[in-house]
Amino acid sequence: MPNRSNAKRTRQHDGMASDTASSFPEVPTSWQPFLDDVLRSAPLRELAAFLREERARHTVYPPAEDVFNALRFTPYDRASVLILGQDPYHGPRQAHGLAFSVRPGVRPPPSLVNIFKELRDDVGVTPPKHGYLRAWAEQGVLLLNAVLTVRAGEPNSHAGRGWEDFTDAVIRALDDKEERVVFVLWGAYARKKKKLVTNARHVVVESAHPSPLSATKFFGSKPFSQVNAALQEVGRPSIDWSLPTTVEED
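The sequence shown begins at 177 in my numbering and counts up one residue at a time.
It is worth saying that the hints were derived from the structure and are not from the lab.
Note that the Cβ used here is the ideal one computed from N, Cα and C, for glycine as well.
Be aware that one or more of the hints could be misleading.
The list that follows gives simulated cross-link-like pairs (lysine-lysine, DSSO-like), each with its CA atoms no further than 30 Å apart [to be verified]:
| id | residue 1 | residue 2 |
| --- | --- | --- |
| 1 | 305 | 353 |
| 2 | 393 | 368 |
| 3 | 369 | 353 |
Beta-carbon label-pair distances, calculated as ranges [claimed, not checked]:
| id | residue 1 | residue 2 | range |
| --- | --- | --- | --- |
| 4 | 293 | 233 | 35 to 41 Å |
| 5 | 228 | 376 | 39 to 45 Å |
| 6 | 231 | 408 | 24 to 30 Å |
| 7 | 228 | 355 | 33 to 39 Å |
| 8 | 371 | 222 | 20 to 26 Å |
| 9 | 297 | 235 | 20 to 26 Å |
| 10 | 300 | 336 | 37 to 43 Å |
Please take these sequences and the hints and turn them into a complete structure.
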(Lines of atoms letter the chains of each structure in order from A; the text may use other names.)
(Lines give C-alpha, C1' and ligand atoms only; values in the text may rest on other atoms or scores of the structure.)
Protein backbone atom coordinates (compact mmCIF):
# COMPACT_ATOMS: atom_id res chain seq x y z
CA MET A 177 0.00 0.00 0.00
CA PRO A 178 1.16 3.59 -0.60
CA ASN A 179 2.95 5.14 2.36
CA ARG A 180 0.83 8.18 3.25
CA SER A 181 3.67 9.83 5.15
CA ASN A 182 5.71 9.68 1.96
CA ALA A 183 2.81 11.27 0.10
CA LYS A 184 2.72 14.05 2.66
CA ARG A 185 6.46 14.69 2.28
CA THR A 186 6.06 14.81 -1.49
CA ARG A 187 3.30 17.38 -1.23
CA GLN A 188 5.44 19.46 1.10
CA HIS A 189 8.22 19.38 -1.50
CA ASP A 190 5.85 20.67 -4.17
CA GLY A 191 4.48 23.47 -2.03
CA MET A 192 1.39 23.83 -4.23
CA ALA A 193 -1.52 22.87 -1.97
CA SER A 194 -4.93 23.72 -3.41
CA ASP A 195 -8.59 22.85 -2.89
CA THR A 196 -9.30 22.70 -6.62
CA ALA A 197 -10.02 19.48 -8.48
CA SER A 198 -7.25 17.45 -10.09
CA SER A 199 -6.43 18.63 -13.61
CA PHE A 200 -5.68 15.05 -14.67
CA PRO A 201 -8.03 12.63 -12.85
CA GLU A 202 -6.89 9.87 -15.21
CA VAL A 203 -3.54 9.59 -13.39
CA PRO A 204 -3.42 5.99 -12.10
CA THR A 205 -4.74 5.61 -8.57
CA SER A 206 -1.54 4.10 -7.15
CA TRP A 207 0.27 7.39 -7.85
CA GLN A 208 -2.46 9.88 -6.98
CA PRO A 209 -1.75 10.21 -3.23
CA PHE A 210 1.83 11.25 -3.98
CA LEU A 211 0.94 13.70 -6.74
CA ASP A 212 -2.24 15.21 -5.33
CA ASP A 213 -0.96 18.73 -4.75
CA VAL A 214 0.79 19.13 -8.08
CA LEU A 215 -2.31 17.78 -9.85
CA ARG A 216 -4.36 20.54 -8.20
CA SER A 217 -1.81 23.28 -8.87
CA ALA A 218 -2.15 26.30 -11.16
CA PRO A 219 0.62 25.15 -13.56
CA LEU A 220 -1.20 21.86 -14.15
CA ARG A 221 -4.53 23.63 -14.70
CA GLU A 222 -2.81 25.78 -17.31
CA LEU A 223 -1.23 22.68 -18.84
CA ALA A 224 -4.61 20.94 -19.11
CA ALA A 225 -6.09 23.98 -20.86
CA PHE A 226 -3.09 24.18 -23.20
CA LEU A 227 -3.44 20.51 -24.14
CA ARG A 228 -7.15 20.87 -24.89
CA GLU A 229 -6.32 23.71 -27.28
CA GLU A 230 -3.37 21.82 -28.80
CA ARG A 231 -5.39 18.68 -29.48
CA ALA A 232 -8.17 20.78 -31.04
CA ARG A 233 -5.76 22.44 -33.49
CA HIS A 234 -2.87 20.02 -33.97
CA THR A 235 -1.91 16.37 -33.86
CA VAL A 236 -0.43 15.61 -30.44
CA TYR A 237 1.47 12.49 -29.40
CA PRO A 238 0.86 10.22 -27.66
CA PRO A 239 -2.94 9.86 -27.84
CA ALA A 240 -4.67 11.12 -24.70
CA GLU A 241 -5.39 7.62 -23.44
CA ASP A 242 -1.67 6.74 -23.51
CA VAL A 243 -0.21 9.84 -21.83
CA PHE A 244 0.09 8.23 -18.39
CA ASN A 245 1.03 4.71 -19.50
CA ALA A 246 4.37 4.90 -17.68
CA LEU A 247 2.51 5.27 -14.37
CA ARG A 248 -0.16 2.79 -15.44
CA PHE A 249 2.25 -0.03 -16.30
CA THR A 250 4.53 0.67 -13.32
CA PRO A 251 2.44 1.19 -10.16
CA TYR A 252 4.05 3.21 -7.39
CA ASP A 253 4.56 0.27 -5.04
CA ARG A 254 6.35 -1.73 -7.75
CA ALA A 255 8.66 1.00 -9.06
CA SER A 256 12.30 0.16 -8.39
CA VAL A 257 14.03 1.77 -11.39
CA LEU A 258 13.53 5.04 -13.23
CA ILE A 259 14.83 5.54 -16.77
CA LEU A 260 14.25 9.18 -17.60
CA GLY A 261 13.72 10.49 -21.11
CA GLN A 262 13.12 14.04 -22.33
CA ASP A 263 9.94 14.12 -24.42
CA PRO A 264 7.98 11.66 -26.58
CA TYR A 265 8.86 10.62 -30.10
CA HIS A 266 7.17 13.04 -32.50
CA GLY A 267 6.61 10.73 -35.49
CA PRO A 268 3.39 8.89 -36.43
CA ARG A 269 2.49 5.88 -34.24
CA GLN A 270 5.75 5.96 -32.31
CA ALA A 271 4.93 7.36 -28.87
CA HIS A 272 2.67 5.43 -26.52
CA GLY A 273 3.56 6.82 -23.10
CA LEU A 274 6.76 4.91 -22.28
CA ALA A 275 10.09 6.71 -22.66
CA PHE A 276 12.30 5.29 -25.43
CA SER A 277 9.67 2.67 -26.33
CA VAL A 278 7.68 2.49 -29.57
CA ARG A 279 4.51 0.66 -30.47
CA PRO A 280 4.62 -2.86 -31.90
CA GLY A 281 5.23 -2.81 -35.63
CA VAL A 282 7.18 0.47 -35.52
CA ARG A 283 10.89 0.41 -36.35
CA PRO A 284 13.04 1.18 -33.28
CA PRO A 285 14.42 4.74 -33.52
CA PRO A 286 18.19 5.35 -33.47
CA SER A 287 18.44 5.99 -29.71
CA LEU A 288 16.64 2.74 -28.96
CA VAL A 289 18.83 0.87 -31.43
CA ASN A 290 21.83 2.11 -29.45
CA ILE A 291 20.18 1.13 -26.16
CA PHE A 292 19.72 -2.36 -27.57
CA LYS A 293 23.36 -2.51 -28.67
CA GLU A 294 24.48 -1.66 -25.14
CA LEU A 295 21.96 -4.17 -23.76
CA ARG A 296 23.61 -6.91 -25.78
CA ASP A 297 27.15 -5.84 -24.90
CA ASP A 298 26.38 -5.29 -21.20
CA VAL A 299 24.22 -8.25 -20.19
CA GLY A 300 24.21 -10.46 -23.28
CA VAL A 301 20.55 -9.97 -24.14
CA THR A 302 19.71 -10.33 -27.82
CA PRO A 303 17.23 -7.56 -28.58
CA PRO A 304 14.02 -8.28 -30.48
CA LYS A 305 13.14 -6.70 -33.80
CA HIS A 306 10.46 -4.55 -32.16
CA GLY A 307 11.00 -1.66 -29.74
CA TYR A 308 8.11 -2.23 -27.34
CA LEU A 309 9.43 -2.00 -23.77
CA ARG A 310 6.30 -2.74 -21.77
CA ALA A 311 7.89 -5.91 -20.33
CA TRP A 312 10.44 -3.71 -18.54
CA ALA A 313 7.74 -1.39 -17.24
CA GLU A 314 5.74 -4.25 -15.78
CA GLN A 315 8.77 -5.37 -13.76
CA GLY A 316 9.11 -1.99 -12.06
CA VAL A 317 11.14 0.04 -14.57
CA LEU A 318 9.41 3.42 -14.80
CA LEU A 319 10.03 4.63 -18.36
CA LEU A 320 9.20 8.29 -17.80
CA ASN A 321 9.68 11.28 -20.05
CA ALA A 322 10.13 14.63 -18.33
CA VAL A 323 7.56 16.06 -20.77
CA LEU A 324 4.68 13.72 -21.55
CA THR A 325 3.29 15.15 -24.79
CA VAL A 326 4.58 16.70 -28.01
CA ARG A 327 3.13 18.27 -31.16
CA ALA A 328 3.59 16.06 -34.22
CA GLY A 329 6.86 16.77 -35.98
CA GLU A 330 7.99 19.37 -33.45
CA PRO A 331 10.35 18.03 -30.76
CA ASN A 332 10.26 19.84 -27.41
CA SER A 333 7.15 21.77 -28.48
CA HIS A 334 5.45 21.11 -25.11
CA ALA A 335 8.50 21.81 -22.95
CA GLY A 336 8.01 24.51 -20.33
CA ARG A 337 4.23 24.12 -20.28
CA GLY A 338 3.94 22.44 -16.88
CA TRP A 339 4.81 18.80 -17.43
CA GLU A 340 8.16 19.33 -15.72
CA ASP A 341 6.36 20.26 -12.48
CA PHE A 342 4.44 17.01 -12.67
CA THR A 343 7.34 14.72 -13.50
CA ASP A 344 9.61 16.39 -10.93
CA ALA A 345 6.92 15.47 -8.39
CA VAL A 346 7.04 11.88 -9.66
CA ILE A 347 10.81 11.81 -9.12
CA ARG A 348 10.40 13.23 -5.61
CA ALA A 349 7.79 10.58 -4.86
CA LEU A 350 10.30 7.91 -5.87
CA ASP A 351 12.98 9.60 -3.77
CA ASP A 352 10.64 9.35 -0.77
CA LYS A 353 10.32 5.57 -1.07
CA GLU A 354 11.62 3.49 1.80
CA GLU A 355 13.10 0.91 -0.59
CA ARG A 356 16.05 1.58 -2.86
CA VAL A 357 15.28 3.04 -6.26
CA VAL A 358 17.85 3.18 -9.07
CA PHE A 359 17.66 6.37 -11.14
CA VAL A 360 19.06 6.02 -14.68
CA LEU A 361 19.92 9.42 -16.15
CA TRP A 362 21.18 9.52 -19.73
CA GLY A 363 22.42 12.81 -21.15
CA ALA A 364 22.79 16.35 -19.85
CA TYR A 365 19.06 17.04 -19.64
CA ALA A 366 18.27 13.98 -17.52
CA ARG A 367 21.35 14.45 -15.35
CA LYS A 368 20.06 17.84 -14.23
CA LYS A 369 17.34 15.93 -12.36
CA LYS A 370 19.96 14.32 -10.12
CA LYS A 371 19.42 17.15 -7.63
CA LEU A 372 15.94 15.75 -6.93
CA VAL A 373 17.45 12.49 -5.62
CA THR A 374 18.34 13.37 -2.04
CA ASN A 375 18.17 10.11 -0.08
CA ALA A 376 21.41 8.17 0.29
CA ARG A 377 19.66 4.79 0.04
CA HIS A 378 19.06 5.36 -3.67
CA VAL A 379 21.56 4.93 -6.52
CA VAL A 380 22.04 7.13 -9.58
CA VAL A 381 23.40 5.57 -12.78
CA GLU A 382 24.37 8.26 -15.27
CA SER A 383 26.09 8.50 -18.62
CA ALA A 384 25.92 10.15 -22.02
CA HIS A 385 22.67 9.88 -23.97
CA PRO A 386 22.17 6.96 -26.38
CA SER A 387 21.42 9.38 -29.22
CA PRO A 388 23.70 8.90 -32.26
CA LEU A 389 25.13 12.33 -31.44
CA SER A 390 26.62 11.07 -28.17
CA ALA A 391 26.45 7.28 -28.39
CA THR A 392 30.21 6.74 -28.45
CA LYS A 393 30.26 7.88 -24.81
CA PHE A 394 27.13 5.87 -24.00
CA PHE A 395 28.55 2.60 -25.27
CA GLY A 396 30.37 0.74 -22.53
CA SER A 397 28.55 2.50 -19.69
CA LYS A 398 26.91 -0.81 -18.62
CA PRO A 399 23.69 0.66 -17.18
CA PHE A 400 21.75 -2.59 -17.11
CA SER A 401 24.26 -4.54 -15.05
CA GLN A 402 24.72 -1.51 -12.77
CA VAL A 403 20.98 -1.39 -12.12
CA ASN A 404 20.79 -5.06 -11.19
CA ALA A 405 23.89 -4.88 -9.00
CA ALA A 406 22.37 -1.97 -7.06
CA LEU A 407 19.07 -3.80 -6.60
CA GLN A 408 20.68 -7.09 -5.59
CA GLU A 409 22.87 -5.30 -3.05
CA VAL A 410 19.78 -4.55 -0.95
CA GLY A 411 17.86 -7.73 -1.72
CA ARG A 412 15.51 -6.26 -4.30
CA PRO A 413 14.56 -8.36 -7.35
CA SER A 414 16.77 -7.77 -10.37
CA ILE A 415 15.30 -6.84 -13.74
CA ASP A 416 15.04 -9.41 -16.51
CA TRP A 417 16.12 -7.20 -19.39
CA SER A 418 15.14 -9.71 -22.07
CA LEU A 419 12.10 -8.80 -24.17
CA PRO A 420 9.56 -11.11 -25.83
CA THR A 421 10.23 -11.80 -29.48
CA THR A 422 6.63 -11.06 -30.45
CA VAL A 423 4.25 -8.54 -28.91
CA GLU A 424 0.74 -7.24 -29.45
CA GLU A 425 -0.65 -3.71 -29.29
CA ASP A 426 -1.84 -2.41 -25.89
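Here is what the structure says about each hint:
no. : hint                    : result
1   : 305 <-> 353             : 35 Å, violated
2   : 393 <-> 368             : 18 Å, holds
3   : 369 <-> 353             : 17 Å, holds
4   : 293 <-> 233: 35 to 41 Å : 39 Å, holds
5   : 228 <-> 376: 39 to 45 Å : 42 Å, holds
6   : 231 <-> 408: 24 to 30 Å : 44 Å, violated
7   : 228 <-> 355: 33 to 39 Å : 37 Å, holds
8   : 371 <-> 222: 20 to 26 Å : 24 Å, holds
9   : 297 <-> 235: 20 to 26 Å : 37 Å, violated
10  : 300 <-> 336: 37 to 43 Å : 41 Å, holds
When held up to the earlier numbered hints, the structure conflicts with 1, 6 and 9 and fits the remainder.
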